[in-house]
Structures are given as C-alpha cells and as structure tokens.
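Residue numbers (the numbering used here), protein chains in the order written: chain S, 1 to 284; chain G, 1 to 382; chain U, 1 to 193; chain L, 1 to 209.
I should point out that these hints are in silico values taken from the structure, not numbers from a laboratory.
Treat the hints with care, since some could be wrong.
What the hints assert, rightly or not - 30 Å max Cα-Cα, derived DSS-like pairs, lysine-lysine: (1) Lys-162/U <-> Lys-204/L; (2) Lys-148/S <-> Lys-94/U; (3) Lys-34/U <-> Lys-17/L; (4) Lys-40/S <-> Lys-124/L; (5) Lys-186/S <-> Lys-254/S; (6) Lys-250/S <-> Lys-186/S; (7) Lys-34/U <-> Lys-204/L; (8) Lys-69/S <-> Lys-169/S; (9) Lys-169/S <-> Lys-34/U; (10) Lys-17/L <-> Lys-6/G; (11) Lys-34/U <-> Lys-186/S; (12) Lys-94/U <-> Lys-40/S; (13) Lys-162/U <-> Lys-169/S; (14) Lys-148/S <-> Lys-162/U; (15) Lys-156/S <-> Lys-204/L; (16) Lys-279/S <-> Lys-156/S; (17) Lys-204/L <-> Lys-169/S; (18) Lys-162/U <-> Lys-186/S; (19) Lys-82/S <-> Lys-69/S; (20) Lys-94/U <-> Lys-34/U; (21) Lys-254/S <-> Lys-206/S; (22) Lys-40/S <-> Lys-34/U; (23) Lys-244/S <-> Lys-254/S; (24) Lys-279/S <-> Lys-206/S; (25) Lys-186/S <-> Lys-206/S; (26) Lys-82/S <-> Lys-114/S; (27) Lys-40/S <-> Lys-169/S; (28) Lys-148/S <-> Lys-17/L; (29) Lys-34/U <-> Lys-114/S; (30) Lys-94/U <-> Lys-156/S; (31) Lys-69/S <-> Lys-94/U; (32) Lys-6/G <-> Lys-94/U; (33) Lys-162/U <-> Lys-124/L; (34) Lys-162/U <-> Lys-224/S; (35) Lys-148/S <-> Lys-204/L.
Claimed, not checked - So these bits of chain L aren't anywhere near chain G, every CB distance computed over 10 Å: (36) Tyr-7; (37) Arg-13; (38) Ile-16; (39) Val-70; (40) Cys-74.
We put the CB at the ideal spot given by N, CA and C, even for glycine.
Below are the chains, spelled out letter by letter.
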Amino acid sequence: MLIIYAIAALGVIGLLFGLFLGVAARFFAVDTDPRVEAVKEELPGANCGACGYAGCANFAEAVVSGEAKVNGCIPGGDETSKAIAGLLGQEVGSSVQPVATVFCIGDSFKTSDKFIYDGVADCEVAGNFLGGFKTCSYGCLGYGNCVKACLFDAIKMGEHGLPVVDTEKCTGCGLCANACPRTIIKMLPRGDSGYLVLCNSHDRGKSVSKACEVGCIACKACVKVCPEEAIVMEDNLAVIDLEKCTDCGKCAEKCPPVTIYRRNAIPTEAQALAYAAEKSAESA
Amino acid sequence: MRNIIKLSVTLAVVGIISAALLTGVYNVTAPIIAERQEAEYRQALELYFPGFASYDSEEIGDDYFDLIYDGSDELIGIMGTIEQQGYDGTITYNLAMDDSGSIIGVRVVSHSETPGIGDVITTEVFQEQFFGKNYEDPIVAGDDVNAITGATVSSSAMINSIRRVSGVVAENFLGVESVAIDISEVPDGTYQGSAPGLGGELTVEVEVSDGVIVSIEVIEHNETPTYFIEAYPFIPEQIIAEQHFDIDTQTGATISSEAIIEAVQNALREALGIEVGEEPEEEPVDINISEIPDGIYVGSGEGFYGPITVEVEVAGGQIVSIVITGQDETPEYFRESNPLIPERIIEEQSLDIDTSTGATFSAKGIVQAVLNALDSESGGED
Amino acid sequence: MEKLLSIIFIYIFVENFVLQRFFGICPFLGVSRKMETAIGMSMAVVFVMTIATLVTWLLYNFILVPFNLTYLQIVTFILVIASLVQLVEIVLRKISPTLYQGLGIFLPLITTNCAVMAVALLAVRQEFSLLEAVVFAIAASIGFSLALIIMAGIRERLELAKMPDVLQGSAVTLVTAGILSLAFLGFKGMLTL
Amino acid sequence: MKATSPYMQDLTRGIIKENPVFIALLGMCPTLGVTAFIVNGVGMGLAATAVLIASNLVISLLRNFIPPQVRIPCFIVIIATFVTIIEMVLQAFQPVLYEALGVFVPLIVVNCIILGRAEAFASKRPVIRSLLDGIGMGIGFTLALFILAAVREILGHGTILGPDPDSAIHLFGANFEPMALFAQPAGAFIALGLLLAIVNLLFKRFNIN
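Just chain S, same shape as in the assembly (with noise of 0.2 Å):
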C-alpha cells in the first residue's frame, strides 16, 4: 500500500515541477537574440568595461542593436571586431589600439625614501600616507596596484620599482591607468615615433632636482627649442602633443635632467640596474 503513495507522492511532485519549470520557461521566455549570444561567445569575457558597457554581456547587446561599434572591444582588438563584423554582416572600421605608457622614470635608485613605510602594501594607501615615501611626492611608489589590475598580464613590476609594459600583450583597455591613484601611466596610440616627457610632476626647479635626478624642473628649455611649438608648459610639467610632434628630437638634447626620450628608446629596466650598479660601485 505504501508503495502506492510513495510512487503516487513522488511521481506527481517530478511531474508538476517538470511542468512547472517548462511553462515557466515558455512564459517567461525572454526573446534574446541569438546573434547576441554569438557576439558574447567571441568576446575575451573579462568585463573590463573598456568598451564603455557594463560588461561582455552589455557590449554585446549594444553591437547587436547598433549602438555600439563593430570594433568598441578594445582588449579584443582586431581580430574580435573581425569575427563580429563578420557575424553581422558589416565591414570593421581599423581600431586604432592604444597602449600604456609609463610617465616616470624616476627609480628607486634615482629617487630616494623620505622614511621606511610598512604598511599596507597598496599604491593609494602608501600615497595617502604623509603624501608618499618618496622624495617625489608625484612618482611611482611601487605598489603595483596597476599590475592587480591588469586582466591581460601585461605589466610587471620591475626591480627598479616601475611597472614595466609588455607592448604585445597590452590591449590598451586601460584598466591600469585608472588603477593609478597618481596618474602616472597614460594610454597613447601605437607608434614608435615622437619625443615624450616621461615625467609626471608639478613642483619646480630645486624642488623636484633635490627629489629626482631625472625629474622635469619645468625649466622651459625644451618649449623655446621646438620648431613647431608641439610642447607646451602643463603646470609646471612640459607636455608634447604627438600629432604637432616631428621627431626631431632637438628637445631632448636641450633638457638638462634628460626627462625626454624617443618613444622607443624609453629607458629600460636593465639600463636602470647597470645605473644602479656603477652607482654603488662609485660611492664604495
């Protein structure tokens, strides 16, 4: 007899739920577009809202309807927009892809420390405290909030203490820019040609030579020497503007702290270390 009810019991609930759930499913079917589902399919899935949208998921709506461009994926590059396009039938505009740049180049051994900080190992924390260990209270402090940021693994910490950019891997979603409480890492179309000040403080003159060997001390030098006035003074920061920019690098050689340099002849991590070494070498 109890067997009757046990099947009877169980039978009906798996019935009633299974019905439950299909007209469940059928009522509240929510009419998604299938060609939104391919798109998301070809998205890099890292939410990283370069594209302006709250996620893969919205981007992908807002393609599929037309309001966002074929190419807005910015980690996904071209060949995203490619596959895209090719879904819904439209040609892919060239996405210019841009990449991060560090503006500092002030390492750890051409910069000193106000006083010893072990606290919470964290950019904006240290920054907060008593406006930074460094001496430059506008340089990198080491941290590597940008390298917890980065989805894409493109950026390391070097041994000088400034994050070091993997140009390959870079996407130019600028995850890390934002992550820098002090605005040191800028994003700047692809290219190798044109003079940058890699440089990113504000004070002037003694106080930034006494803090930084290699700091811009707002001198002016470079803005008088350039033929086609590209640079122009930012609050006490010389700042060149790239499309004005010929490449003649007539600024560099006039800066005295040479804070300028070639976009690809940026000073590396290993050239730092040899300054390093025949530092310690001298003063022993």
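Assemble chains G, U and L onto chain S, guided by the hints.
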C-alpha cells in the same frame, strides 16, 4: 509544447523509480529500526523493573509516560520519557519511579550538552543522587542534590525537570491530590519564603489580604540579570492575576521563574503551617584531634569518581600534614579543592570546614578520608 | 510571539548557521572575496531559503506526514529546492535583467548550498509551526548573510596584507573564520529555545 | 609521470593530486561538521564514498537517456535516492554513528563533491572510468576527513577512537588538559585552515600541481 511534456515525463519517471526503490528499502529497514529501538527501551525497563510483563503509554503535555504492570497486571511503576531544554539543546531522559512514587532510576537517552562539562548529567554519581527521593521531597538544587558547579545550567535544568515530572507522576498516576495550597485559607499578612534559583537563594515577600495574594516582591536574589528580567515581574503578575501556581514558566528563564513560584509556595506553606522540607542538618563531624597520639594515619573517602586515599601526620596533638596518596577525580575539579581543603583543615585544626569549593564532591571526599584516617576505630595506624 | 523573537536571536547569533553549525561553507569561502558579491549572494540566499522552507514545510506536513512517507523527505526537499532555484532564475531573467546580472550567477550555486537544505530539514525536524518555520528560515538566512558580509569586509583587507604565500587564499580565510566563530562563541548559551 | 593507463589515473587522481577537500575545496560542510571524532569522520567519509560510487555508476549508465535541459534535477534525484538508502541502512545497523552524524547524513545530497563529480565526470565518461573516479575521490575525501578528525580529536579530547568511553584510548593519561578549542566549531575552522597551509607547503616543496 511537446518539449515540456518530454521534460516533465522524464522527471516524473525518475521520481517514480526512486520512490519504488526507496519504499522497497524502507520496508526492509523500518522494522529493523523499530525493533532495535523497542529492544533498547525494553532493556532499560528491565533494568529498573525486572520481570515486568507489559506497559501501556500515556501522554501528558509533551511528556510520555509508560505505566508498567507485572504478571498479574499490578502497577509496579512508571517510566517517564521527558524532553527538557538544557544548556546546548534538548536533553531527553527516562525517569523511573516505583508505585510508591519514589525515584528508582534516571537514564539520559540523548543530549547535546558540551562534552566534558555538561555531560556530567550522564554520570551515575549525578543520577544516583535522585534515587530514593520521593515526590514529596522538595528536590532542591544545592541542598540535598548537588548541582555540579561549572555545569550549573545543565544539572539544575535536570534537577528542576525531575522535580516537576515527579510531581506530575504523583498527581496523575498515583492518585495523590497535590499538596495544594488553598490561598483563600491563608490568613491576611505578609509572609516570606525562599527557594534556590539559578544563582542561589531567592527570597520573596508575599502579601495576602482576605484570601487573595495582593503583592509579590522579590526581596533578595542573585540570578543572572539577563534571565531574571524575563521572569520578574512577569511571573508574580501572572500569579496575582490567576491566583494559582500552574502558570507557563517557558519564559526563556525557566529556572528563575520556577524558583519564584517555589518561593511563593514556600511562603504560603509556612503561613498555612504546612511544614516546609527543612534543611537536613549535617551532624557535626568533628573529633578531638589533641587526643590522637602522634603518628601517620591512612584513610580513604568517597570522591566524585572513586575513592580518595590520604595520609595524615599527627604530632603534638596537631595535624601537621595531609598528603593525598590516591584519587582519580576530574583534573579541573580536583584542582579546586586540593591543596585548599587540606590547608583549611590544618589551619583550623578541625574537620567542620566549608566544603563549598568549586568541587563539593572532591572536597567532601577529602574530609571523609581524613576523618576515616583519624577516627580511632576504623582508621589504622600506619 | 516571544518564541519567535528567541528563534530570531538564536539563529542569527547563538547558533549562527555558518560559524556554529557549519552549513553553507562552500559558498561562504567562494563568494566572500568581494563585498558586492557577498551582498548579492546574501540577498539570493535570503530569498530562496525563505520560499524553499515555506514550500518544503507545507509539502512535508500536508503530503508526507499524512501518508507517512517521511522517508521520502530528502528526495522531495532537494527536488523542490532545485526546481525552485531554476524557477527563480527564469523569472528573474525576465522581470529585471539588471538584478539577474548581479544575482544570476549565484543562483545555481544555491542549489548545492548545504544551508538551504539544512534549514528545510531542521525546520521540519524541530516540529516548528508554519510561522515559526518561516521566521526560522529568515533568521538563518540573515545569520548566513551576516557572517558572509563580515567575512567579505575582512577579506577585502586581507588581500592587501603581507603574509606567507602558503597561507594565501582559502587557508587564511578559514583561520579568520575560526576566529570569527570564536567571537560568536560569546553568544553561546545566552538564550535557549 | 610515468605513462599510467587512464584507469590508474582516474583512480589516483582523487587521492592526492586533485584531493576534493585539500585542493578542490569541495564538501567543506561535512568536513568541518563531523570531524570532532575520528570514528565520525571516517564514518561520514565512507558513507559519502558509497553514495559517490553508486551515483557515478548510475549517472554514467543513464547519461545518454536524460535530456540535457532536465539534467540537474534528474542527477539530484538519483543522488538523493542513494543518500536516503544510506541513511536508512545507517539508522538500522549503525545507530550510534547515525546519531553522531546527525543532520549531516541527509546533507550528503548537497555535497558539492558528489554533484560536481557527477556533472563534470560521470555524465561524460563510460561506466568503468566514472566508477574508478568515484572510488578515487571517495578515498581522497575519507583520507582528508580522517586527517582532520585525527588532529581535532587528539588535540581536542586527548583520545583516539571516539566519544564512547569504553572504546576511547586516552593518549596522554588522566590529568591531560585537552585543548578544548579543537572540540569547538572554531577549532575546526582553524585546524582545517592550517592543514590547507601545510598541504600548500608540501605541494610547493615537491612541486606537484
């Protein structure tokens, strides 16, 4: 549409197969489980009512009672299965009482008291205290039944529950109308009564005028405040409103509430001249040490878990040293009474000392051992 | 009424479902990495746990007990919970896609969450009335959320602390949960049902 | 790794390399809940293993007949059936263990290991391999429970072989003051946390991953 049918049918088929399988297994195991539980229960009954014939069960409130009959259908006893709220959850225990209403057995069926502390309620020593107690004896924690310190909540929960249940058994099965207090007969005036609460003695002052309790005031107690606010003034108001005593004590502070009721009843019992279970006076257990010849004496006394043996050295009519040569008490309890008790005895040079240390049992065990050693007849010269 | 209040107090503080009774540890370790995921999960758990307990209580007392099929309780309870979670997922996706965005990924996690099943079972085993069972479910889920959110707060700071990398991740989470459970031990025995 | 046959790999995968508790961090609820005593820990381990083997077997047998949309509910019903059978068997023949494990026996049905293995492995592999995988995972789970229970019982109670007095062997004599922390829930968390750290250390040292 077809798809939905297919889905729900699959689910239903899987459900049906599982139901059939489970029922099959259930039919096999259910009798075994029932039979095992029955055997276990019969074994317990056998323990207290050897040679019983049959029993039938009754239910009062949420307690279960089995009336146990011998061969000639004579009621030989009652076995209660009671669930009581302990420190850490429900304690289920069996209470066996013979037909004259005195307790002959206590058995903890299941509990989740903290291991090592609360589970002292499962030790024979704790349970044996209740044996022989009759339903009239006011089983009072601390006086004639020791609430194990360190496990006060668990043990006093058990003690109060056993007292309540024995009252219920007495009233319902043994045909004893409870020693009811008829408030209307109480002459006007204010009376004092006291009863043991969670933290110790609780004393109330009850004012009665023309047969009605007018006011109840707790004049002295040391209950835990968080418990006490749950019981006071709620319980007195209830008593005054209903003018009788079986009111709901499930106030989240059962022990304090029952203590207040007990105290009010004691106050009125005194007023009505019903003798209240007075303190069983311990006869003074002192011997004149100065007469004892010098020498080392050996003796033993009954501790919590077993015998405690001591070696007492007497010189110049004075106890010079007491060494405990053997015991297997629980370490954390024994530490509270050793070396405290020996020092006290030597200091006061008498055995009539305060034994309410953190471990009353061990303390009394040591005193007994020393007495046994020095008592000329039983003790032997080493 | 007073029993309801004590149920609420007990199952949030005294018998916290995560820290004292060990239910729902898998999501507790997994989801407490960031605060907003913790809050999302808590809301989902409160919602599903309450409805699941309501349905399972009714099912148990009106179908299983009368036909004494109580041995089927595990199968029926888990079937109810699984189907309920799938139903909530479907309905949520239709009604508010944004909420589904935030909450959706946690829903399948809830089916294998011991806490939901434990609440359903305990509500029935302790013979609660319907109202008590629902209050019990709400209290348990709030207790679960409380532990989850406290843990999320701590873990966000733990990420920044320097520690031996062997301890990194779930090892340190468990030890912190241990200390949290010690803190909750303070409530022990304060109130009994 | 020498070229072992896939069957051997299935069997040994669950024991150390992919131990469900120490590596995959699954089945945490029973791991913390019942490991106050070795007897209970191993008991739970074996019960879960039995369910795991049975459900892996049945699920891999039925894997082609169950339509994908309704896959999860069916798997769950199958697992729940085996859990109920185990519960009845335990209640009938091992009442003490059943009492000690309490509500954790029905909770095996929501144990992430079983549903995880069923979905990740059994529903895609032939019967023999799922069976071996079930056995491997079961042994790994029981091993982990045994280790944690041993640590907790020896430190927390100073005994081996369990709660009931006549079978318990007191390791450190009568007046050993046990570290009551490990009998408490908090101790379970801390013990497991430290065990995980040790396992990480060992894996790093012998760089198995």
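Hint by hint, which ones does this structure get wrong, listed from lowest number up? Hint check: 2, 10, 26, 29, 30, 33, 34, 39 and 40 fail, others pass.
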